[in-house]
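Visitor: Sequence:
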Amino acid sequence: MNPSLCKGIRLDDVHRDGFNEQLSTYVLWVNSQLKRRPGLKPITNLRVDLQDGVVLSQLVEIVAGEVLGVNEAPRDREESRENVERVLNFITSRRIRMAHTTAL
14 MNPSLCKGIR LDDVHRDGFN EQLSTYVLWV NSQLKRRPGL KPITNLRVDL
64 QDGVVLSQLV EIVAGEVLGV NEAPRDREES RENVERVLNF ITSRRIRMAH
114 TTAL
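Going left to right, the sequence shown walks through residues 14 to 117 as the working numbering numbers them.
If you are wondering where the hints come from, they were derived from the structure by calculation, not from laboratory data.
Positions of the beta carbon are idealized from the N, C-alpha and C atoms, including for glycine.
Take these hints with a grain of salt, some might be off.
To be verified - Each pair of labels, with its calculated beta carbon distance range:
1) P51 / R110: 27 to 33 Å
2) F32 / R107: 26 to 32 Å
3) S106 / K54: 24 to 30 Å
4) L59 / E98: 26 to 32 Å
5) F32 / P55: 17 to 23 Å
6) E85 / F32: 26 to 32 Å
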């Protein structure tokens, strides 16, 4: 029997806690990269802070050493989607394989 179940801890809670810990680790890594470019503010929520593609493009620019030229102030969902698409196209053009990614 699973010891965590004996203590009244649900397996779903264990998985969720592991997922949240992984998200926190990603946030820390992204922030460590963003610090390399003065003036960029740290993120706190991976999903929210990367959704318009601006921080995502900044991250890729820092890591790749190239400028992607995204819209730094997207006004709507379409411009945000275009930003994310530009980043994903850049990654694809460099033959970097990423599973389960989309701009939707």
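Visitor: Next step is simple, just say for each hint if it's right about the structure.
Guide: Structure-based check of all given hints:
{"no.": "1", "hint": "P51 / R110: 27 to 33 Å", "result": "holds, 32 Å"}
{"no.": "2", "hint": "F32 / R107: 26 to 32 Å", "result": "holds, 28 Å"}
{"no.": "3", "hint": "S106 / K54: 24 to 30 Å", "result": "holds, 28 Å"}
{"no.": "4", "hint": "L59 / E98: 26 to 32 Å", "result": "violated, 19 Å"}
{"no.": "5", "hint": "F32 / P55: 17 to 23 Å", "result": "holds, 21 Å"}
{"no.": "6", "hint": "E85 / F32: 26 to 32 Å", "result": "holds, 31 Å"}
Violated hint: 4 only; the structure is consistent with all others.
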